[in-house]
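Sequence lines, in order, name chains S and R.
Oh and the first sequence: position 42 is 42 in this note's numbering, straight run, nothing missing.
Oh and the second sequence: position 165 is 165 in this note's numbering, straight run, nothing missing.
FYI, nobody ran anything at the bench for these hints, they're computed from the structure.
Cβ atoms here follow ideal geometry from the backbone N, Cα and C, with glycine treated the same way.
A hint or two may mislead.
Partial chain S-side listing against chain R, Cβ under 10 Å, derived [what the hints assert, rightly or not]:
no. : residue
1   : Asn-17
2   : Thr-25
3   : Trp-54
4   : Ser-57
5   : Gly-60
6   : Leu-63
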Amino acid sequence: MSSNIDVTETLDVTGQNCPMPVIKTKGAVDELSPGDVLEVVATDSGSMSDIKGWAESTDGVELVEQVEGDGTYTHYVRKTE
Amino acid sequence: MSTETPSQPDTPSPDELRTRIDELEAELADLRSEVEDGPKKMVIIATKGTLDMAYPPLILASTAAAFDYDVTVFHTFWGLEILHEEHASNLKLSSVGNPNMPMPNVVAALPGMDEMTTRMMRKRIADNDVASIEELVQLSLDSGVELQACQMTIDLLGYDEDDFFDGVTVGVGAATAFQEMAEADIQLLV
Numbered sequence: 001m002s003s004n005i006d007v008t009e010t011l012d013v014t015g016q017n018c019p020m021p022v023i024k025t026k027g028a029v030d031e032l033s034p035g036d037v038l039e040v041v042a043t044d045s046g047s048m049s050d051i052k053g054w055a056e057s058t059d060g061v062e063l064v065e066q067v068e069g070d071g072t073y074t075h076y077v078r079k080t081e
Numbered sequence: 001m002s003t004e005t006p007s008q009p010d011t012p013s014p015d016e017l018r019t020r021i022d023e024l025e026a027e028l029a030d031l032r033s034e035v036e037d038g039p040k041k042m043v044i045i046a047t048k049g050t051l052d053m054a055y056p057p058l059i060l061a062s063t064a065a066a067f068d069y070d071v072t073v074f075h076t077f078w079g080l081e082i083l084h085e086e087h088a089s090n091l092k093l094s095s096v097g098n099p100n101m102p103m104p105n106v107v108a109a110l111p112g113m114d115e116m117t118t119r120m121m122r123k124r125i126a127d128n129d130v131a132s133i134e135e136l137v138q139l140s141l142d143s144g145v146e147l148q149a150c151q152m153t154i155d156l157l158g159y160d161e162d163d164f165f166d167g168v169t170v171g172v173g174a175a176t177a178f179q180e181m182a183e184a185d186i187q188l189l190v
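Just chain R, with the same shape it has in the complex (with noise of 0.2 Å):
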């Protein structure tokens, strides 16, 4: 048997080889600057304007803020409301459809029961120190977050861009939520 090392055609010369680090090593810290380029994302689309669906998007993204996240909450449909300057300290609790209620449907269908139901759960938030909807609307635009009113609904339901809190984007619509979305390291639907 002869000792010699048989001839390799395929193998890459060290010169080769050394290029070749080279280029993947450019590579990685292309996709590592990619990765670790500026803070982490959250997106959050509020759909609900009652007021307990009010609290989640928002304590959510006040709090994702102070994580040093960038942070956006789109609002339509209903969830609108919690950005209306008039409506958000007005937000009302439905005691119909919700099995927790310590009364029948028949009689939470009432009128004035949504109204009771509300004036009950205001005053649980308050003895609890909870803050309120509009402070917590303020926190999140001093924090950074990008509220968002989606522009479809604001015609849809007949408001007028004048009718949310200073600071509330408007003009905005499915594609910017979707390309922020497809951008974010955290998306919720509320």
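With the rest of the complex left out, here is chain S (with noise of 0.2 Å):
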């Protein structure tokens, strides 16, 4: 369930291609303090397998959960440290 996780942020990608999810997600998540969590809504399909893999291989950020419904990706990332 996405409806208790605190959110931060939203940011809004929709409508937005490869590579912009990831990129913009890195901007955003680097204004952010440790502890906060970013929802970012997509509608770039690749993006469910590209901030996933984004979040696993980068330091400092935690995947929360990614939701897929309606043609909307939605993705929930807390900065760690």
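Make one complex out of these two single chains by using the hints.
Structure, rendered in structure tokens:
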């Protein structure tokens, strides 16, 4: 369930394609403080794999959840450090 | 048989072993700091200036920057077109020599065909929400990607250093690129 995730900021990357969702997510996470959660709303289906891969390989971030539905792909990324 | 242990002059004393362990640990710490020193690096050599070939280096460069890589793209020969402030928005797609084009080469070679296929490609790029080359150049620069323009080919193609986007590094050559490649974790030629 995504309803119990405490979202700090929302980033809208709907209508944007590869590589934009990952790059804008990275930019938005850099502006956050440790513990904050970024919600990323995308329409690029590739963002499911791309944001997961990015979060796994990048220090200081953690993928909390990914929700697919109704043409949108929503990602929750926590800044850990 | 004697139970006495024969003396082994080669066996190091505990003190010697301790010193050796200290030395090895220091050496290991040095190596660790060398390996873990700073972010990972990627170097791309971009040599092509057609619309289709301009995308991969820019997309990979900006993506690697999002992975906290230090990224350098060294642009040489037609790759310079990607960094050229006026030409970047006007890159062409060749309709000749590409078997995936839905037309025979003899038709593709007719005057105006490159313009037509380029227009079709640009429409597809816009329809699919794919960023333009200029946007990706700007995004790469904003993400800290070092975009380099090879000085030899700037001179060869008769360009001026001011022809390139602000933030592009000029005055670099093969030795600079090679040195960066030698230190990089990923090296690609596009």
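Out of the numbered hints, which ones does the structure contradict?
Structure breaks hint 6 only.
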